[in-house]
Amino acid sequence: YIVTCRQSQLSLYYEPHCVYNQSFLQNYQADVIITPVIKQLLPGFTLVSGQEDAVNLAKLLQAKYVVPMKNGDLDARGILSSIISAQGSVESFKELLRKEIPNANVLEPKPGEPLEISMSTIS
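In case it helps, the working numbering puts the sequence shown at residues 2 to 124.
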């Protein structure tokens with residue numbers, strides 16, 4: 002989803018699985034992206050994308066900020082939880098992002114605290 006504030010023209014893109022249609026998004030821009038940055042994998046299947054896919058998304062949308070989702074930070078039990086693996090970290094994502102988009106920033110909100118982005122840093 003892309004949401005744009007009419008008053009400020011700030012645009013935000015939200016994708017909870019980091020799965021997107023590149024050809025559809027190529028004509029769009031987003032100041033802020035909220036998406037997973039850590040991959041979650043089942044044997045032979047990517048459950049949640051991240052890492053390089055999140056960097057490519059930020060590059061495609063010319064993002065100034067990326068807010069990583071914490072999809073993998075949960076206490077899961079059962080048969081499937083034993084075969085789900087994580088690939089990457091927020092730190093490895095930051096390094097990948099820095100190489101591709103040096104001006105982009107990763108914002109890591111704290112649970113329960115509002116995340117504020119100054120409009121002066123967007124323009």
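Warning: the hint list may mix true and false statements.
What the hints assert, rightly or not - What follows is a set of in silico ranges between Cβ atoms, one per label pair, in the way DEER data are often shown:
#1 47 / 5: 39 to 47 Å
#2 57 / 108: 29 to 37 Å
#3 6 / 80: 37 to 45 Å
#4 116 / 88: 20 to 28 Å
#5 81 / 10: 41 to 49 Å
#6 79 / 118: 32 to 40 Å
#7 85 / 9: 23 to 31 Å
#8 5 / 82: 17 to 25 Å
#9 83 / 110: 35 to 43 Å
Stated by the list, open to error - Once the Cα atoms are required to be at most 27 Å apart in a straight line, the calculated DSSO-like pairs of lysine-lysine come out as:
#10 111 / 65
#11 100 / 65
#12 111 / 95
#13 100 / 60
#14 60 / 111
#15 71 / 95
#16 111 / 71
#17 71 / 100
#18 95 / 60
#19 60 / 71
#20 65 / 95
#21 100 / 111
Since the hints were made in silico from the structure, they are not lab data.
Glycine is no exception: its CB is placed at the ideal position from the N, C-alpha and C atoms.
Quiz item: Which numbered conditions among the earlier hints are violated in the structure presented, ordered from lowest to highest?
Solution: Violated hints: 1, 2, 7, 8, 9; rest satisfied.
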